[in-house]
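Enquirer: Chain residues, written in single-letter form:
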Amino acid sequence: MKILVPVKRAVDYNVKVRVKPDNSGVDLNNVKMAINPFCEIAIEEAIRLKEKGVATEVVVVSIGDKACQEQIRTGLALGADRGIHIETNTGVVVDSLQVAKLLQKVVEAEKPDLVILGKQAIDSDNNQTGQMLAALTGMPQGTFASEVVVADGSVNVTREIDGGLQTVKLQLPAVVTTDLRLNEPRYASLPNIMKAKRKPIDVKPVADFGVDMTSKVTVIKVEAPAQRVGGVKVADVAELVQKLKNEAKVIA
Amino acid sequence: MSVLVYAEHDNVSLKIETNKLVHAALGVSSDIIVLVAGSGCVAIAEAAAKISGVSKVILADNAVYEHQLPENIADLVVEVAADYSHVFAAATTTGKNFMPRVAALLDVAQISDIIKVESEDTFVRPIYAGSAIATVQSADTKKIVTVRAASFDAAANEGSASVELLDTVKTSEKSSYISAELTVSARPELTAADVIISGGRGMQNGENFVLLNGIADKLGAAIGASRAAVDAGFVPNDMQVGQTGKIVAPQLYIAVGISGAIQHLAGMKDSKVIVAINKDEEAPIFSVADYGLVGDLFDVLPQLEAAL
Ligand SMILES: Cc1cc2nc3c(=O)[nH]c(=O)nc-3n(C[C@H](O)[C@H](O)[C@H](O)COP(=O)(O)OP(=O)(O)OC[C@H]3O[C@@H](n4cnc5c(N)ncnc54)[C@H](O)[C@@H]3O)c2cc1C
Ligand SMILES: Nc1ncnc2c1ncn2[C@@H]1O[C@H](COP(=O)(O)O)[C@@H](O)[C@H]1O
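Listed in order, the protein sequences are those of chains W and B.
Residues 1 to 252 in the working numbering are what the first sequence spells out, letter by letter.
Residues 1001 to 1308 in the working numbering are what the second sequence spells out, letter by letter.
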């Protein structure tokens, strides 16, 4: 069984980004970048399926400029077998629909049995790509997965939903998107990082895919959020209750 | 211009998110049609028909829609959407699940998790866990939009629209429902509560969450949690508040033993009044709290329960 894992290069989750003074976007100069945390979980899940003997090959794919080869290498160091880099020009923003269309072409060429994506990229916070890819390829989907069990020709996915948990059974090939509790990703060991340098990455220019890369969505401006001003410290519970009643008037 | 609003419900009751969606949709058009898809949902359709501003309710009542399987729901919505310029659904785990499929099948982008409607084609949405707020404009023929319900008021229930039945059946053999483990609680839901008290890693274990119960009872509050508390297995996942959990904006949010990581703040910083109880006076949660109480939660919580 072959697993395809799309990974996105994104701002490290510890970084507090700042809005550019001209409100054109956020300032990513000299900011630490990393694999989107949910994609890391996706790689880990694929590797575990390989270790269990369920999967035979794990392919990571990333769409972006040259720099995203760093994240593909990380995926290879974690245990993926090979990488595909769909290269865009620096500074080009690719929206989720375009990513899904490019991934659709990769799916057509690679014919994976399972595609595992992150549920959400922590930069755009879109939460769309996996669902879009499923729709475009006609695959069933199991989003926000906290457990993935592959059986004969199908996969059972337990999903984190607002009311609790839901389990669905999907015919393979299928699309799964990861939630935070699916697994705890490992760290890459030094020998594996060295080994990853010799694993192949197939670089393809985005133009080869025949996908229309003009986005219908324009960002008009990006602003800093309204700042909450920290309030006061209260001395004790009595003062807290008094303030909530008489000043904030949020309790009776 | 007319908006198709996808009703949020659990086959038992209509959720307040639907009223908020209608309110948001009124920013685009005064012609609002609500689609109720589910199983045994006549009463839910009737409830939706009472929402002020709704011109018509379409009810697709069939067992194939019971579990909101996205393969089925998306195909249904795509068909119904033919008549509308916009489709709005809540940015809940239901809306997030099927709406991107609708967008892809219609070959348009999706605008996720909007907090404001500027005009029929321009919307405001947080990015980077709320560290930046983007205003985006869509040139697509149809606007597929998910809405952060917490950012909108609820439309009133003073309407009387008609309910139209739709017998379209969309179903896929590729996906089937197996089971669900739903949390049953007598407390209000997090996304609907006026008061929320949340516990974090500082609670130390699941048993200690009972310390929040008495206070929640007295305040009619919902109980939430940080991801650390959920990850450590103190409480179930559906209690998580934050960037990747539930987004809430109650009148009063009480954070207990929560440090205030940006991902947690992303889910609650629009609350009207925030109280933080933490033994570390440097905890970042204090920088967003209106009232901060530095202290050991194991001392403070019993006192607070007694004082209410
Ligand atoms: C991709 C991604 C998404 C995430 N999404 C979310 C999300 O949606 N929601 C979320 O919450 N987190 C999320 N996180 C995790 C987030 O980064 C933090 O790790 C988490 O919020 C920390 O939870 P906490 O405040 O309970 O724990 P900690 O940071 O460990 O804080 C515990 C606090 O309790 C206090 N404390 C301890 N004992 C006591 C006591 N006896 N009395 C009083 N105070 C005490 C401590 O002083 C400390 O401030 C996400 C992380 C990632 C990478
Ligand atoms: N540029 C990209 N390259 C590869 N995968 C991507 C890219 N953008 C998004 N994805 C995948 O889609 C998931 C969800 O992203 P999004 O829908 O943009 O929030 C990510 O976690 C990745 O798995």
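Please note that the accuracy of each hint is not assured.
[As the list claims (entries may be wrong)] Below, computed lysine-lysine pairings styled on DSS-like, alpha-carbon distance capped at 25 Å:
hint	chain 1	residue 1	chain 2	residue 2
1	W	Lys169	B	Lys1174
2	W	Lys20	B	Lys1269
3	B	Lys1272	W	Lys16
4	W	Lys32	W	Lys221
5	B	Lys1050	W	Lys221
6	W	Lys2	B	Lys1174
7	B	Lys1116	B	Lys1050
In case anyone wonders, no lab produced these hints; they're calculated from the structure.
The structure presented is a predicted model; accordingly, all values stated were derived computationally and were not measured.
Enquirer: Does each hint fit the structure? Answer for all of them.
Expert: Do the hints match the structure? See the list:
Only pairs whose Cα atoms come within 25 Å are accepted, and Lys169 (chain W) paired with Lys1174 (chain B) is accepted, the gap being roughly 8 Å. The hinted pair formed by Lys20 (chain W) and Lys1269 (chain B) meets the criterion: a straight-line CA distance of about 22 Å does not exceed 25 Å. Distance restraint check for Lys1272 (chain B) and Lys16 (chain W): the Cα-Cα separation of roughly 23 Å lies within the 25 Å cut-off, and the hinted pair is therefore satisfied. Restraint check: the Cα-Cα separation between Lys32 (chain W) and Lys221 (chain W) comes to about 23 Å, which is no more than 25 Å; the hinted pair holds.
Annotation: proposed proximity of Lys1050 (chain B) to Lys221 (chain W) is violated, straight-line Cα distance about 37 Å (limit 25 Å). Our distance criterion of 25 Å between C-alpha atoms is met by Lys2 (chain W) and Lys1174 (chain B), whose separation comes to about 19 Å. Restraint check: the Cα-Cα separation between Lys1116 (chain B) and Lys1050 (chain B) comes to about 24 Å, which is no more than 25 Å; the hinted pair holds.
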